[in-house]
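I would like the entire structure built from these sequences, with the hints used as guidance.
Residues per chain, in single letters:
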Amino acid sequence: AQSVTQLDSQVPVFEEAPVELRCNYSSSVSVYLFWYVQYPNQGLQLLLKYLSGSTLVKGINGFEAEFNKSQTSFHLRKPSVHISDTAEYFCAVKTSYDKVIFGPGTSLSVIP
Amino acid sequence: DAEITQSPRHKITETGRQVTLACHQTWNHNNMFWYRQDLGHGLRLIHYSYGVHDTNKGEVSDGYSVSRSNTEDLPLTLESAASSQTSVYFCASSEARPSSYNEQFFGPGTRLTVL
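Residue numbers (my numbering), protein chains in the order written: chain A, 1 to 112; chain B, 1 to 115.
In case anyone wonders, no lab produced these hints; they're calculated from the structure.
Take every hint as true, because none was put in to throw you off.
Covered stretches of chain B (chain A as the covering partner; in silico rule of three or more C-beta atoms under 8 Å from a C-beta of chain A):
no. : segment
1   : 37–49
2   : 103–110
Label pairs and their in silico Cβ distance ranges:
no. : chain 1 : residue 1 : chain 2 : residue 2 : range
3   : B       : 12        : A       : 107       : 21 to 29 Å
4   : B       : 69        : A       : 61        : 34 to 42 Å
5   : B       : 38        : A       : 46        : 19 to 27 Å
Even for Gly, the Cβ is constructed at its ideal location relative to N, Cα and C.
Here it is as structure tokens:
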């Protein structure tokens, strides 16, 4: 069965510092990969997605992620975080028609 | 602007009561989904629908039911609420095929507490 692992449940980082949120998946077939962001008391918003082509994907708010097929990873990065980036981040994998499997989430806290 | 709404936003109920959570979307999407969000589990799929009169079970469907009588609405019913169903519930919708992937748009969530 497919699964998504986010090893870091909480990531504190100082403002303007870089951050990497890790995501690994397991699947025996081709996958589509996504990062969603959830701000406090809100629903999820799509941050970026990898469907095919270039393995480096750029998303909204300065985030980017790199798909690494050999390591089955899709880590999310931002070179300089802002207070407004404080949120829950979910990695997700699509394995069949519109059945998206979500990881447990990583809580990013940006410290002023 | 098109949107997806959920009501109520907060609900407190007692064990054994029937509860219905509403989800309404104006995107005209064929696909609709219900998830529950629990700490450490991310989002887990409860039920989903690919169109009017179509419903399917997700990975955590026990104790829940849905019905799809029109494109816009997919209400989620807890037949007899249990404390284990205390959670935050999210509704989502997406376009149907032929696109290889259609982004899911999420509602703001309903926080349900079962006492």
